[in-house]
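S.K.: Below are the chains, spelled out letter by letter.
Number of protein chains: 2
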Amino acid sequence: MNAMHDAPSQTRWHRAHACIGHGVTAIDTPSLVIDLDAMDRNLARMAAFAAGHGLRLRPHAKMHKSAELAQLQMARGAVGVCVQKTDEALALAHAGVRDIYISNEVIDPSKLLRLAQAVRDLPTRFSIAVDSALGVQRLAQALHAAGVSASGCLDVLVEIDVGQGRCGIASGVPAVALAQAIAAQPALRFAGLQAYHGGAQHRRPAAERAAAMAEAIHAVQTTCEALNAAGIDVPLVTGAGTGTFVIEAASGIWGELQAGSYLFMDADYAANEADPRTPAFEHALFVKSQVMSRCDGHAVCDAGHKSHAIDSGMPGVWFPDGLAYTSGGDEHGVLRAAGNQPLPGLGEVVWLVPGHCDPTVNLHDLMVGVRGGLAAGHVERIVRVDARGCLG
Amino acid sequence: MNAMHDAPSQTRWHRAHACIGHGVTAIDTPSLVIDLDAMDRNLARMAAFAAGHGLRLRPHAKMHKSAELAQLQMARGAVGVCVQKTDEALALAHAGVRDIYISNEVIDPSKLLRLAQAVRDLPTRFSIAVDSALGVQRLAQALHAAGVSASGCLDVLVEIDVGQGRCGIASGVPAVALAQAIAAQPALRFAGLQAYHGGAQHRRPAAERAAAMAEAIHAVQTTCEALNAAGIDVPLVTGAGTGTFVIEAASGIWGELQAGSYLFMDADYAANEADPRTPAFEHALFVKSQVMSRCDGHAVCDAGHKSHAIDSGMPGVWFPDGLAYTSGGDEHGVLRAAGNQPLPGLGEVVWLVPGHCDPTVNLHDLMVGVRGGLAAGHVERIVRVDARGCLG
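Quick mapping for you: the protein sequence lines, in order, are chains A and B.
Add 375 to the 1-based position in the first sequence for the working numbering, that's all there is to it.
Add 375 to the 1-based position in the second sequence for the working numbering, that's all there is to it.
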């Protein structure tokens, strides 16, 4: 089957966005650009935070989808990474990432078989979340079909709904039967609870995030109590995002943090009212664009919805100052001066800060890593988005 | 430079979404699926409309980004295709498309040099729009730098703003100097006017679209009059989208239609109040997803913002009936019953109709072409999205 897919992708016309060693000015537009200096500072700040709190850090690689960045995070102390999809896990494992947790449900037998074959064949340590008895049953069947029979060879975490109202079994007693179902499968090991409140991450007032997380903390506590009352130990509670991880860390309940966006820090997270306990993360991901049309009232840049995701709003204009970006459709951005600033001229460069980094990265095959700043730096590396488009 | 980009893409882990000849049930989720029977009917309806009006059809390939579909459209009478980006043009030309018009401005000298080299080296006939004297000058310089000196070897169209307020020079007299600047460059030929009103395409009431197009028609007429008064002939007026092309066709002014979305007919275009003159296009593009989490009140499917674009709203649920899709984020969709319909169970398939086909296709490397219907059909072909991610 792969040949069908590989062949076209290998014969496809490609073009480089940039050359290593060249200046920023030579980067084509629109391109996704990483400020490597800012990214390194974000890396160090989060590593220090996790170490300072005695917590495991397992950043979410669904954000960057890059084996190179996952390995960089692990070199700075992360125990591994999270992903949301089976094929994200396989793409990163094939690219050399050695500890990958699928923090999401997989119910499709064909996907579970792909995962089981990877558990059998690859040196990567995999783990996965479940929220249904059917999910546990199909996972065990897939491992059996792949001939994986080693005792407790796959860690499985029970996802509980801690307030988002999306996936996850109800907190408290319902989680007990699911943990028992996992324990009843020789090839599986009950490894703890997946407890992530996605709905709390972007509530602007810090107090609202704290209130939402208070409910999440209660949900996790009642679930741990129910499991303990049934004689089941909870080895780990894992979760947290960039908007709330300081709350999970302070709770003393979570043992592992899954925050991912801290690495690039998008415009949406930057719009949150800061919690004073949160490290000062910097924007590290930008779209380099340029003006390709001008009239008296506005300038049009060459970056639209196909260059950056807009599910969390339009990108901010990082440089030049005083410009507002409004949608110009899939391939255009309309720029207007907020005050009396002059509009940029034809061909002038405009730097954008994406509203939401995860789906923005997923639009690009490559990210251009710049050292020495966006103004006068040079291209140090080209970072491949290994799991781009891995939806299955 | 290309080697840097090719190498990673060729070593990247890939997986097929489907096997040719297999049933629809074997298509992985989430996958982008084309109902080939519906697409063929849409193709035939638009070909008949253009032929019946004596108009050239140049569908916009920014929608499907596929050389195979571009060639299918040309086999059914299209004179060529449009694209918005230099690298879309180059990707499709390298994949065998022989007549490509860049209906957008390109001001970057490096992009213009890539285009000029393609004009020199490839058998494809290229053409391009401009809206500035600098654009004309840089285009001529790029052709000269590439050693392209044949007289009138590149057709250039002047884009005028017909009401959208995005790109395009002001209508009327200002277009005259630009046409003269083109004519003054030996390698360039003034080929007519680019007149597209993107802002009119999705106004729901047909009367509002007609009112917006009345202004556009006036803008084109005054521009043609100004050009004729200056002794300049206007060989062609090209433009129109799926929301208004019947109006351009009825005007007697446009000679070429650029509509693209008619081929797949997304949910956003289907929401327009129909103009009785418009052929009855059918939905031909779907996202196959499946339920991967369930609770009492809702089901969660495995298709989120990374599977379909949401710039024109959430996808519609095509099957099963009576379900409403709300955002569950990048990887999830939350499904609720509109009435008393039962919710689909774990693993059940859910078919979605994307809100906007262009940026949805751009999220996928492949489209799975199904013959015989979504319920019991089989996979006839895998359609490659050759220009996916070609932003430059």
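FYI, nobody ran anything at the bench for these hints, they're computed from the structure.
Errors might be hidden in some of the hints.
[Stated by the list, open to error] If the Cβ cut is set under 8 Å, some of the chain A residues that face chain B in the computed set are:
hint, residue
1, Ile482
2, Asp650
3, Leu738
4, His739
[Said to hold, decoys possible] Calculated Cβ distances over 10 Å to all of chain B for the following chain A residues:
hint, residue
5, Ser406
6, Arg416
7, Ala422
8, Met449
9, Ala521
10, Cys542
11, Gly543
12, Ala589
13, Glu706
14, Pro734
15, Asp740
16, Gly767
From the three backbone atoms N, C-alpha and C, an ideal C-beta is built for every residue, glycine too.
S.K.: Which of the stated hints cannot be reconciled with the structure, identified by number in ascending sequence?
M.R.: Per hint list: 2, 5, 10, 11, 13, 14, 15, 16 violated.
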